[in-house]
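Residue numbers (my numbering), protein chains in the order written: chain A, 1 to 462; chain B, 1001 to 1462.
In case anyone wonders, no lab produced these hints; they're calculated from the structure. Just to be clear, a hint being listed does not mean it is correct.
Lysine-lysine pairs mimicking DSS-like chemistry, simulated, CA-CA at most 25 Å apart [to be verified]:
1. A:K193 x A:K207
2. A:K347 x B:K1046
3. B:K1157 x A:K351
4. A:K114 x A:K175
5. A:K175 x A:K207
6. A:K45 x B:K1347
7. B:K1023 x A:K157
8. A:K351 x B:K1041
9. A:K196 x B:K1023
There are 2 protein chains.
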Amino acid sequence: MLPKKDIVLLKHLVLNKSEEAQKILANLHPADIAEILDEIKNGNKKQFLQMLSSSKIAEVLEELDPSESVEILEELPEEEIVKILENMSVDEIIDLFQEMPTTQAEHLLAKLPKEDYEELKELLKMAEDTAGGLMTTDYVYIFADETVNQAIEDARKFGQEAETIYYLYVVDNKKHLQGVLSLRELIAAPRDKKIKDIMHTNVISVKVDDDQEEVAKIISRYGLLAVPVVDDNNRLLGIVTVDDAMEVLEAENTEDIHKMAGITTEEDVLLNSSVWEASKRRIFWLIVCLFGDMISGKVIDGYSSVIQSVVAVAFFIPVLMATGGNIGTQSLALTVRGIATEELNKKNLFKFILGETLAGLQLGIICGAIISLVAYTWQQDIKLSAAVGLAMCFSLTVASLVGVLIPLLFNLMSIDPAVASGPFITTVVDIITLLIYFTLSVNLIEIFNVQNSIVQQIGVIV
Amino acid sequence: MLPKKDIVLLKHLVLNKSEEAQKILANLHPADIAEILDEIKNGNKKQFLQMLSSSKIAEVLEELDPSESVEILEELPEEEIVKILENMSVDEIIDLFQEMPTTQAEHLLAKLPKEDYEELKELLKMAEDTAGGLMTTDYVYIFADETVNQAIEDARKFGQEAETIYYLYVVDNKKHLQGVLSLRELIAAPRDKKIKDIMHTNVISVKVDDDQEEVAKIISRYGLLAVPVVDDNNRLLGIVTVDDAMEVLEAENTEDIHKMAGITTEEDVLLNSSVWEASKRRIFWLIVCLFGDMISGKVIDGYSSVIQSVVAVAFFIPVLMATGGNIGTQSLALTVRGIATEELNKKNLFKFILGETLAGLQLGIICGAIISLVAYTWQQDIKLSAAVGLAMCFSLTVASLVGVLIPLLFNLMSIDPAVASGPFITTVVDIITLLIYFTLSVNLIEIFNVQNSIVQQIGVIV
């Protein structure tokens, strides 16, 4: 990454169209140029882009979010846009078209060379979050009857346009995927060997409608640089490369973190176009939990006589609710992430549930002891202190178990476990905590009252 | 990924040492064999491994967590372990040694071939979470004076052992990094060209003590397959490959999710060795927040006269606290993730803060209206209903702002923003919410009482 001051310096040099800037730009990685472009105000971007060739602009735009790229393209004349698109890989063009109004995309599509037109038309039909939506059709294919020498020549010739030439896919004349060979194996092989004698025939591939997260996980799991995408008849349609897989994993992680915080959205946008857009993502769980938490209110209502007789009972509602919610959210995070990374499996499931519950019990004993001591010091009421301490202990044990079980249950029902958001767990735990607390308060106060009256009676008798 | 039933079938075939199993295993990817191995009980793993060659076992172990691999190795005789290690890449051996007791690691190290010994000794000194701890020394280097033809020969010859041969690093005779060339460029170039005439001289590299997350981000940002690791004098020490970068990103994401839920741990372990290990990770924020929430208790204590006069005020404590906490956690998740993915930057910061605060206000108005309606229907008390509704509105606005500002502040102070955990935000928001709620309750009840007495006085006058 470029140091901040370099970016600012460059931005000024570039806007003044200095020759020095031109020289520096020529040596910069597109990702770095994208960062400088990001620093420049919208109106000035056109001026900046004039210092770059169409092919360089294409590379720079590939580094940006498609929505940003579309904004930038809008500043340029149409013939320039077409030139830039001609220099982009098809998967990137698709990403841009998906961000544009359909009419604009179709208009631009018609201006592109014939051979791209048909291909893009097909790709545009694919769902955005599938292997088909992610793949590029710029790959190198070879035939089983070629020799190693011919294949290397093919890689040289057709490799210019391809996303990667490190995997060469072997197909028949109807594009059925028959095998794969890495460039590494190819250059290590004797030059006159036939491809069919050295290719791998059990190829790891994905289906065109496989979910993009699944595709990314397969690339990561098998340590691949790319994975071929095939249709139901095993015909090769395209490839997904490791850099796209990394982007998908990051986006899916963002989605998981958001979901766990109770933010529902399919799209990963940090800056929403309107306040209502931002609110809409959050409102579902807020309202669901709002009604859930009214049950907590009802519980307090049911036991209001306790508060009326000992108002100090109310002082400990926040700490009990909050601590229960906290431990529930901790268990949730461990469980959701354990499922996502596949660390949690049938074999270790029971051990995990037991371990987390025991940890909840242990933390319950510790926090219970602390809060009970604080309560006694503060209120000098042994009954209240006992009720608060025991409630904390029980509540944390149950909360930890709830935080583990609910996402596991969701997963069992094939619902994304991250949907079992923190707010939801907290709401459930709050209700349970208050029920435990008030039940204990009522009973302990009664027990102590009975004891007291026994003591009094004994006193009377003595 | 293999279907579940295939794994079970294979497990049985393998344990019966059938010939069929041997054939199937020979064709399986190491990641899939690792999955089957995972299904087999510890005592039986040795029997399973006997069906595989040392080099295959090495590949399989590279797919597992180092801690699991060490467990498996412990079942094998020492000479077999040494044979397996000889087939592993140095970065993987280091990972294993770091999991073993030091004496065992040193004992095994001494049994390895001389040339590996020195290299491993050096690598073992590197901190685990730096570029040095992540890198492998198995890479291909070439010299600037070679021709393309010679370089391709080098790649063929030395590429066998290397992690990747797709990037060739150009060094001088003291191993100073001078340039880089991809195999793709190499095979496209005329055979008699000199490397120095076609190599890239401004190489993207990382320092040996750079944090592993930084390294992974650079690989992702520039779409690299590997990045060279250099010392302060720009001497090439090793390379980090994209598959390791993906693992680091996943581990860092897990850490972020855990931190945000208030789980403090450097190590990513799902199953802890003891209950206390599991508790220890969670106790810090639980106790900190426990004391923080006692302040909420103190607030209620300060306003206990309000509850004593209108006990229904207590009914709405849970819903106000919970909703405030929920929206605070939502803002936190958006902010922490925005910082992590670098989507949030100086340019859009103000827009983001404003947007989230306005969203908080909008959600506050909606939730406030709902809760105020519920409160009126339930308690038929217009004062209470107004206090609850207004408190909700103010609290959600402030909570959203707090959830955005605290992680930003942490980031500004160079503290990991994910440390500003959900529990912490919730605690802060709880206190603020209760203060708003009680202040409003007291004042509204007073205002209404004054109004009532005015109405009464008017009544008297009329």
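A quick look at each hint next to the structure:
no., hint, verdict
1, A:K193 x A:K207, "violated, 31 Å"
2, A:K347 x B:K1046, "holds, 19 Å"
3, B:K1157 x A:K351, "violated, 49 Å"
4, A:K114 x A:K175, "holds, 21 Å"
5, A:K175 x A:K207, "holds, 15 Å"
6, A:K45 x B:K1347, "holds, 15 Å"
7, B:K1023 x A:K157, "violated, 38 Å"
8, A:K351 x B:K1041, "holds, 15 Å"
9, A:K196 x B:K1023, "holds, 20 Å"
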